[in-house]
Amino acid sequence: MVNALSRKGVNLSIKELDSDIARFRDISISIGAIRQDTWHEPMGPTPFPTLSTLRNWDHALLKRYKPFYLPFCDLCCLCTYGKCDLTGQKRGACGITMAAQQSRIVLLTACIGAATHTGHARELLTSLIDRFGSDLPINVGDVGVEVEAPITRLVCGIRPQTLGDLEPVLDYCENQITQLLSVTHTGQEGSNIDFESKVFHAGMIDHVGMEVADIAQISALGFPKAEPESPLADLGLGTVDVKKPVILVIGHNVTPSAGIIDYLRAEGIQSEVEVTGICCTALDITRYSSRAKVIGPISWQLRYIRSGVPDVIVIDEQCVRTDTLLEAAKVRSPLIATSEKNCLGLPDRTDDTVDDIVRGFVEESIPGALILDPEKVGEVAVRTARLIAPKRKKQGADISKEELGRLAKKCTQCMLCRRACPNDLPLAQAIKAAAGGHLSLLDELYDDCVGCGRCESACTQKLPVHSLIIAAADQKTRTESYCIRTGRGPIQDTEIRKVGGPIVLGEIPGIVAFVGCANYPKGSREVAEMCREFAKRRYIVCTSGCSAMSAGMHRDEYGRTVYEQFSGAFEAGGIVNVGSCVSNAHIAGAAIKIASIFAKRPLRGNYEEIADYVYNRVGAVGVAWGAMSQKAAAIAAGFWRLGIPVVVGPHGTKYRRMLLGRSDKTEDWYVYDARSGGKVYAGPVPEHLFFAAETKEDAMVMVAKLTMRPNDTSKGRANKLANYIDLHKRLVGGIPPDVHLFVRSPADIPLTMKDDVTLYLKDHDWKEQPIPDPTLLPRLIHKKRV
Amino acid sequence: MVNALSRKGVNLSIKELDSDIARFRDISISIGAIRQDTWHEPMGPTPFPTLSTLRNWDHALLKRYKPFYLPFCDLCCLCTYGKCDLTGQKRGACGITMAAQQSRIVLLTACIGAATHTGHARELLTSLIDRFGSDLPINVGDVGVEVEAPITRLVCGIRPQTLGDLEPVLDYCENQITQLLSVTHTGQEGSNIDFESKVFHAGMIDHVGMEVADIAQISALGFPKAEPESPLADLGLGTVDVKKPVILVIGHNVTPSAGIIDYLRAEGIQSEVEVTGICCTALDITRYSSRAKVIGPISWQLRYIRSGVPDVIVIDEQCVRTDTLLEAAKVRSPLIATSEKNCLGLPDRTDDTVDDIVRGFVEESIPGALILDPEKVGEVAVRTARLIAPKRKKQGADISKEELGRLAKKCTQCMLCRRACPNDLPLAQAIKAAAGGHLSLLDELYDDCVGCGRCESACTQKLPVHSLIIAAADQKTRTESYCIRTGRGPIQDTEIRKVGGPIVLGEIPGIVAFVGCANYPKGSREVAEMCREFAKRRYIVCTSGCSAMSAGMHRDEYGRTVYEQFSGAFEAGGIVNVGSCVSNAHIAGAAIKIASIFAKRPLRGNYEEIADYVYNRVGAVGVAWGAMSQKAAAIAAGFWRLGIPVVVGPHGTKYRRMLLGRSDKTEDWYVYDARSGGKVYAGPVPEHLFFAAETKEDAMVMVAKLTMRPNDTSKGRANKLANYIDLHKRLVGGIPPDVHLFVRSPADIPLTMKDDVTLYLKDHDWKEQPIPDPTLLPRLIHKKRV
Amino acid sequence: MPLNESWQTAEIPGPKKASLIIKPDIADAMIRRAKRPIMIVGHGIVEYDVEGLKLIDYLIEFATKAHIPVVVTASTNREFLNRGFTPAALMPAVDIGNRLTDPGWKGFDGKDAYDLAIFVGLPYYMEWTILSGLKHFAPNLKTMTLDCVYQPNASWSFPNSTIKDWVVNLKGIVDGLGD
Amino acid sequence: MPLNESWQTAEIPGPKKASLIIKPDIADAMIRRAKRPIMIVGHGIVEYDVEGLKLIDYLIEFATKAHIPVVVTASTNREFLNRGFTPAALMPAVDIGNRLTDPGWKGFDGKDAYDLAIFVGLPYYMEWTILSGLKHFAPNLKTMTLDCVYQPNASWSFPNSTIKDWVVNLKGIVDGLGD
Ligand code: SF4
Ligand code: SF4
Ligand code: SF4
Ligand code: SF4
Ligand code: SF4
Ligand code: SF4
Ligand code: SF4
Ligand code: SF4
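Residue numbers (the working numbering), protein chains in the order written: chain L, 757 to 1542; chain D, 757 to 1542; chain F, 3 to 181; chain S, 3 to 181.
Next comes chain L alone, as it looks inside the complex:
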């Protein structure tokens, strides 16, 4: 606190007090967080850490998980000395090496991500405080949630109790983001490892920002509060009642969308207008009203707008296609921009009357408007949609089958569409077939297409290639009808108490979180398949963001989505949709709470010890199968610093580097034994911190492997190994070649696999290893508390 407060220069001075008998009691000046007096946990060593405070911890991790750089360009073009050629060990004009340059880009990316969440949090908080006051209590769980803000408590050492208390937390984030961003300036940091440490710092800040955003909106907007059985919401294009006026909301900041729901509620016409969404605003609006519908992740933007179904489009911030105004105009849907961050060159109509704006839209005299007032957005959107829907008649830019054939014939087979496609989809081939009347190839592509539209830009014949796919697959889009559990928010302390033991002891083989964007190598389906597999295997499966949608877009043989098949509780075999991007904080929060609530490690401003606990004991793994954005990079970095490995899809190699352990280097895997103080070999667990898998199968096997931790009991390790070996056998074939590295004693061997594995161990010079009380922090030796 001292840090933060002295930074604020708070002074109370009473210059003159004309009273001898006046007594003051309980004068409190609340500048956000000055309520510490009511929190009796002593302050830990690192509240409000700055750029180098946790450097030692980072360096310890980075010694194990050395960056494997995958330069995305041979050049640097960040200043006008450049471009600089960094091939062949050359240095840039500023002296930088390729390794440092790549990590510098990672830092820049993580800064953008952290700024985006923090900026979002700030706007949200400011608007909620305007509306509800800064004294509105934080309440993220009516029952069972005492640790309301585990990350904030851990990082900042403060316990926020009201919305106002969150403000200095964001001050801190903004301050650190500014410092971190400045590090990317030409001629600052020169060491790639120190850049990486700063990436971790940016990730940690990002998680603080996300936590603030989500606990603020949960508290103020009545989102589900840590409810395991939060309601199900409709998911998919096929769930929209196209006979009604339809509003589409896209983005991440729920405020304007909430304005729409508020207006509908106030007018009592909720059943008359469909509110549908794409990206995280979709998720958050279902948390506000479960009548709202989720269309799909970011990759659904083009197809849904072009379908003509949405009568009015409301965009806020982040992951909104920048061509939305153009696409909206093509189908004559007016567009309302609602964020200062995304003005699209539109006239600012905030101060105009609703009547005027609606008239402009209805008369089609303006294609869009910027309205920086959520309430006004609500009224304008609803009134416009209702007036315009009958006129528009949902006229989309859809292509008929006949038209499709005609267009396909214009294709010259130049291959440029395929060469522009991020997934290298065989478009030319499929279009050739379509020209001959065979649509099945094109139809198949629907599932793999991420809807980026690059094929269309590239086409020399100006063919609407993406639309051709949609046209071929129109049956599929129409029947896209699924459901999703609305984001529940945090995990209850009571849930943590229940699963803490089973997780740390290994009865529950692990926590697997499917998070992030939709830049999938093969469409959405694989996310659903992975979720189902791990839930069946009794892992705790978490979902969030675009991945939470993808998880729901698949049915099992009984017609159930994972959300119908499994419970929403944080328990073995649960599918826990925490919510939108910013809700990812609750996944990290759950890991932290296992250390703090279950294991009773001191939380307050005590980052290293908690991270050390999570890293060595909590078998959590993040999977960002379609990670695309700068935010995804920042979220991953926040997990890394906590010692939680992240697996990404093959596109993830474009993030400039992996953080990979070397299981063959025995010397890398020693830990301190907190009991004896000695250094003990604990095996390559978890083997990697950031890993890009080539295929879904690759990913699943790796996830199972990465849940192992040095602290696993034999029973726990056996359980984890059973899953690892079984998945490997099924998906790859044979016993995993590294299984001997994970068996510490015969008791670790899964019972059902005893013979196989024992044989294998014999062939591999295996010898028994002790199971330590593991830590990377010398200061924790003999200070064991669990």
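No wet-lab data here; the hints were simulated from the structure. C-beta: ideal position from N, C-alpha, C; glycine also. Warning: the hint list may mix true and false statements.
Think about it this way: if two alpha-carbon atoms lie no more than 25 Å apart in a straight line, the pair counts; the simulated DSS-like pairs of lysine-lysine are [said to hold, decoys possible]:
| no. | chain 1 | residue 1 | chain 2 | residue 2 |
| --- | --- | --- | --- | --- |
| 1 | D | Lys-1518 | S | Lys-108 |
| 2 | F | Lys-25 | F | Lys-166 |
| 3 | L | Lys-1471 | L | Lys-1485 |
| 4 | S | Lys-113 | D | Lys-1421 |
| 5 | L | Lys-1278 | L | Lys-1232 |
| 6 | F | Lys-56 | F | Lys-166 |
| 7 | D | Lys-1188 | S | Lys-56 |
| 8 | L | Lys-1485 | F | Lys-56 |
| 9 | F | Lys-113 | L | Lys-1421 |
| 10 | L | Lys-1218 | S | Lys-18 |
Partial list, computed: chain S residues near chain F (C-beta under 8 Å) [what the hints assert, rightly or not]:
| no. | residue |
| --- | --- |
| 11 | Thr-11 |
| 12 | Ala-12 |
| 13 | Ile-14 |
| 14 | Gly-16 |
| 15 | Pro-17 |
Fit chains D, F and S with the ligands to the supplied structure of chain L, relying on the hints for placement.
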């Protein structure tokens, strides 16, 4: 203020007051800025503007000065959807266009710049408050400076009086930088013009950050306080007494360097150790002690370290070559890193004893250390330098003439060095000559080389190409002995009162500020030549940063540098070195003060009106001849928003776009006449907002042209035109072909050029134009105050 | 189709680009010259039908003839096992990439560092990034790809080719090795 | 010297690169085909001595023969004036670049938009960036450079050449125009 305070959630609640008769007087809670009560100027319309507050103003400027994009790459690689090919009007996978993508990069660059200055300001302020307390009064001029912080007053609407008052100003900057950075996230802003508006916002924030940094250090460290005749300091390699132990400081944050001076002072050994500097730390350390010596701009780093002269190297932040540790090790100079932002992978020795660290250095057991305590840095650096100097004997990596010849013979004439050189210098040719014993070609290159070292990296024969140049030019380096006026800080209000009239009326033809880095197309010399020319012509010439050094590195026929030849006062023909990079704020501040002090326009939170005044009436132009860094981009953007044009050298085209007016489009140049309210053609003045000149001659002619403003009196216009025409005749040849666009009435024609010009006008269908009372803001019509 | 443009149009690295394997004997010569070659096979190979024969069968013949150990990166393993071919190692693509940047790594047999890595069958962009990693951080390693598309970050790559031409090339290489 | 690599090694634009003017008649054909060509001459030309003759003299001959208006960007004007040649316009490089992106701009004579812009003599990197601006934002304009180095952002460029080869090319073009 409301904005900023409610953002802080400040509440004072007195729950129980047991007194009927108690009276409180003057209870002040100071959270930074709550001293507004003592400032009686009413609040203007836009205190603490956010991303869109000044959007209309920006759009008005951008309508005139449309971006001309110069993509530095065909691709975007900012997220893992990419790379995306944006050629041929293609859109990226996020829908972005090339225009928006380029402006997005500009925004990213400006954010890095603003973050760097703001981050620097924050670190400086925190350390000064730690040392001097937050109540230390701001004092930037013992006489004649009442408006201590014109930019802060203008932008934030507050009047800071103590160091503590500056903290909420930085909170605001950090908040806005976070918001701005988030705009660069994939799928946010889609309009290039709105991106550009945000670039202007980032620039404005950057200027606030710079102002805070400089007024804090001036106030606390006793730098010259708006002193026209601040002392001269030595400049150049030749001024160093190599017989003494020599410390080299590099970077921008003066705190650790001040620690060195403090220690020397305390020990009374100031005359025994040479403190020398490169980049802005050099400038600022001479403001702290004019005994310190400036070696040169960033381009001197390699040559000076390799000379072996510095015994100890202390680096802080920004513009520090990232290979400094390597270069230092080659000449056995220990390196002390002093900033969290630039750790270079070094062990953190902050908590070790000075004895231990010094011993490590002297015994050469460590090549460098990170020390995050300025006092300790001071002691370690000085003690190490004194112990080590006799041992090192200044052994550099210098190359003898014989060695030079031998090395040059190894050259295969592959041309890769030249092809790597940012300035395309004819290296291979020169080396061939050197191999034959002729050093003059190589020697000539010394003046044009920006010391980036890329030629060395590129050489297939591993020849130390840059060092060969230095070796050939050793005579030059040894005699580099110049002087520089130490940074004076702000311009006095009294000076403003004196020159305000002459500037606005045009008796002084303009203010020309030479700022920014050393990425010159043809070496330093040209900056000095331009300075001299404009000072001779009785412009007010300002300098700062690396340009201030370059300006001093040239002598006239009497052996005088510009600092010796001209006064340091803000007056016609003065050469006003304001100081380091962050001192640039005082140049913008001077323009603002002309509007506020001289013209009495309301200042407080009144950005648009002041900018409108500056734009239409104050003939100021910035020249960043070697602009290289992200900071330079941000500084330029801050000038643009104020309506001050910036000219850069040819490398400046790599900043992705120019902002160019179209003098041929009459319709672009109408202004409101505040008297009549009508729209009046006012001519293309200033013609451009951001312009890259091809040559020095190009630049000088353009500068003269860009000082013209709609409000010029005929006498003023005639004076400006006289300079423009004369420079054009001399440097380009003939009367400028656009001169008719700038003559509004016969009285505008310079007397001495009457015949020529009149003839020219006749040939060009010239007709007389009225001189309006110009403004771009309709709301200022009939509200004229001057 | 342009021969030596990146197959995915935008995936352009910079000044350092793969030499083209225009004729099979270039590849053969490289392979012969290598003391310690290794082949890394991604999951894409099962998708290629090359004139009735699966690419994987070519590769098995290739590896066997040339005595090159094969690392299988993913689930393709099963396809190899089904054909009675046991890869030298199973290892994810980024893992083997990472090990190849370590000059101290002595290979799967612990004998010596590899000097030639032959890639085939990874997703284009992933092979691109991994080859970039090796181009920059494994200065002593040469890399080659056998895919039918140009990979600029390899030391040697086939040009972008039709499946037909590619098959001719592949056959040529395999035949050449048989001498 | 590599023919079509960026002269400044790192200045690589991306997928869209200039076609090579391998023979002078290619350039001649382009110039003939153009309805409204214009030439932009930077200050670099005075630095080139081409076998005793100054490049500027070639250019004057060239422009005169081909009836191409010349815009001089900087102080080179004096050199032209000294030779009795009056350029069609004086205008800074970025200014003329900017105007060329405006399809509504009718040129210095107010007649019609230019369809071919021939650049020569700007600093390499500055010509690079301006040509990039035109490549992306002047879709209806073709660009050509007469410098002896490859400019990837032009529509057509000479390869990197020795001064000797370059002179041959230039002469060829001028002679070709004479027909
Ligand atoms: S880093 Fe990106 S923008 Fe820069 S040159 Fe490479 S691909 Fe282009
Ligand atoms: S930041 Fe460094 S490597 Fe990048 S362009 Fe500038 S000088 Fe070159
Ligand atoms: S829209 Fe689909 S098919 Fe087209 S390029 Fe993008 S992913 Fe490929
Ligand atoms: S880019 Fe267009 S013309 Fe070329 S193959 Fe694809 S669809 Fe056909
Ligand atoms: S930010 Fe947009 S243009 Fe850039 S790589 Fe990502 S999707 Fe492509
Ligand atoms: S050090 Fe000098 S000569 Fe070498 S590349 Fe840089 S500017 Fe050119
Ligand atoms: S790069 Fe080296 S070998 Fe090649 S020309 Fe330059 S100095 Fe000579
Ligand atoms: S002027 Fe430029 S190079 Fe010099 S110190 Fe400042 S930013 Fe760095």
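For which of the previously enumerated hints does the structure constitute a violation, in increasing order of number?
Result: no hint breaks.
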